[in-house]
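Chemist: Sequence:
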Amino acid sequence: MTKRLSPYRLGATLYMPATRNDIAGSILNNQIDGLRSIVICLEDAVSDADVPAALQNLRQILVALKSAKDAGLGADWPLVFIRPRDPEMGKFLTETEDLTPADGLVLPKFTLESLPVWWDIMKDTHLCMMPTLETEDVFDVMQMRKLATALLEHPCHSRIIALRIGGNDLMNVISLRRPRNLTLYDSPMGYVIKMLVAVFGSRDFALTSPVCEHIDDHDVMEKELALDMAHGLVGKTAIHPNQIAKIERALMVTSADHADALRILNSSQAVFKSQGAMCEPATHRRWAARVLEQAQIYGIAQEETQDGVRFFTANHLN
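FYI, the working numbering numbers position 63 of the sequence shown as 63, with every residue one higher than the one before it.
Hints were generated in silico from the structure; no laboratory data involved.
Among the hints, erroneous ones may be present.
Claimed, not checked - No farther apart than 30 Å at their CA atoms in a straight line, the calculated lysine-lysine pairs in the DSS-like style are these:
| # | residue 1 | residue 2 |
| --- | --- | --- |
| 1 | Lys246 | Lys223 |
| 2 | Lys123 | Lys109 |
| 3 | Lys273 | Lys194 |
| 4 | Lys91 | Lys123 |
| 5 | Lys194 | Lys109 |
| 6 | Lys69 | Lys123 |
| 7 | Lys123 | Lys146 |
| 8 | Lys123 | Lys66 |
| 9 | Lys223 | Lys194 |
| 10 | Lys194 | Lys146 |
| 11 | Lys246 | Lys109 |
What the hints assert, rightly or not - Label-pair restraints from in silico Cβ distances:
| # | residue 1 | residue 2 | range |
| --- | --- | --- | --- |
| 12 | Asn29 | Pro52 | 40 to 48 Å |
| 13 | Leu73 | Pro241 | 38 to 46 Å |
| 14 | Glu153 | Gln275 | 36 to 44 Å |
| 15 | Gly72 | Leu182 | 45 to 53 Å |
| 16 | Lys69 | Leu112 | 34 to 42 Å |
A virtual CB, placed ideally from N, CA and C, is assigned to each residue, including glycine.
Input sequences plus hints: build the corresponding full structure.
Modeler: Okay, here's the thing in structure tokens:
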């Protein structure tokens with residue numbers, strides 16, 4: 001049985017079209033600072049006409065990574081995922097390519113109906129699964145409850161590192177695009193994210209946040225990241241390297257939360273006051289455990305000042 005990876009190892013998951021010729025070098029040489037996970041995309045990021053070239057390029061990437069791993073390299077590489085176009089392409093990849101260097105597949109347009117199809121493709125591999133929720137039925141809470149229950153009881157459960165929320169595809173379903181000056185939470189996606197957290201989070205599934213496609217508007221990005229963290233999302237899709245550092249910083253645990261988490265998990269008191277807030281171990285214990293796991297990977301944000309300006313640095317736990 002393949003051991004499920006911690007979803008907190010994903011961080012900022014950078015999507016790169018499989019047609020790019022710099023992917024292997026980016027992974028082999030850790031050329032992108034702070035990158036923890038990468039998705040080599042054969043779906044929306046690749047046009048129909050470019051699919052053959054993308055598949056050929058993917059094969060060359062896999063060969064290069066396999067050769068390096070055979071030489072004992074790869075311990076400090078980002079996690080590598082492949083996003084096939086559809087189940088047919090997923091089947092083709094698992095049957096014809098050596099996917100040893102890959103950690104998993106991102107499953108596009110994932111539904112309850114496609115679950116047995118994808119499992120038949122992946123059950124005999126080592127690959128983890130990251131289903132993407134991005135179809136019309138995602139807006140239906142009853143359908144999502146059925147899917148969550150099915151995944152919880154299915155043998156694939158131990159393979160699912162996280163569920164990805166496909167924001168752009170979901171907005172497309174309702175003929176909308178994210179407003180330029182607002183976060184996703186100010187759109188109908190606010191309801192969707194809250195509902196998915198309630199349905200899947202209550203069953204202990206991790207969820208990742210959709211991409212912020214307005215690459216140069218860092219104010220909107222930071223507001224959205226704060227809301228991502230408030231909703232318990234474990235990572236965020238990135239489409240540009242300049243988004244990675246901001247996502248990493250948002251995933252750092254505050255020193256206040258870390259102190260509360262330690263007290264909650266170690267206290268014999270039923271209720272106590274800490275930093276002006278009530279702490280109740282019986283109801284805050286799961287939150288506290290998550291905080292400590294997150295801090296172990298991303299570190300604790302230390303607030304400092306310089307010339308009157310506030311900024312944060314990471315104090316990593318070892």
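Chemist: All hints, please: hold or fail.
Modeler: Against the structure, the hints:
no. : hint                        : result
1   : Lys246 x Lys223             : holds (11 Å)
2   : Lys123 x Lys109             : holds (19 Å)
3   : Lys273 x Lys194             : holds (28 Å)
4   : Lys91 x Lys123              : holds (11 Å)
5   : Lys194 x Lys109             : holds (20 Å)
6   : Lys69 x Lys123              : holds (23 Å)
7   : Lys123 x Lys146             : holds (21 Å)
8   : Lys123 x Lys66              : holds (21 Å)
9   : Lys223 x Lys194             : holds (16 Å)
10  : Lys194 x Lys146             : holds (17 Å)
11  : Lys246 x Lys109             : holds (28 Å)
12  : Asn29 x Pro52: 40 to 48 Å   : violated (27 Å)
13  : Leu73 x Pro241: 38 to 46 Å  : violated (22 Å)
14  : Glu153 x Gln275: 36 to 44 Å : holds (40 Å)
15  : Gly72 x Leu182: 45 to 53 Å  : holds (48 Å)
16  : Lys69 x Leu112: 34 to 42 Å  : holds (35 Å)
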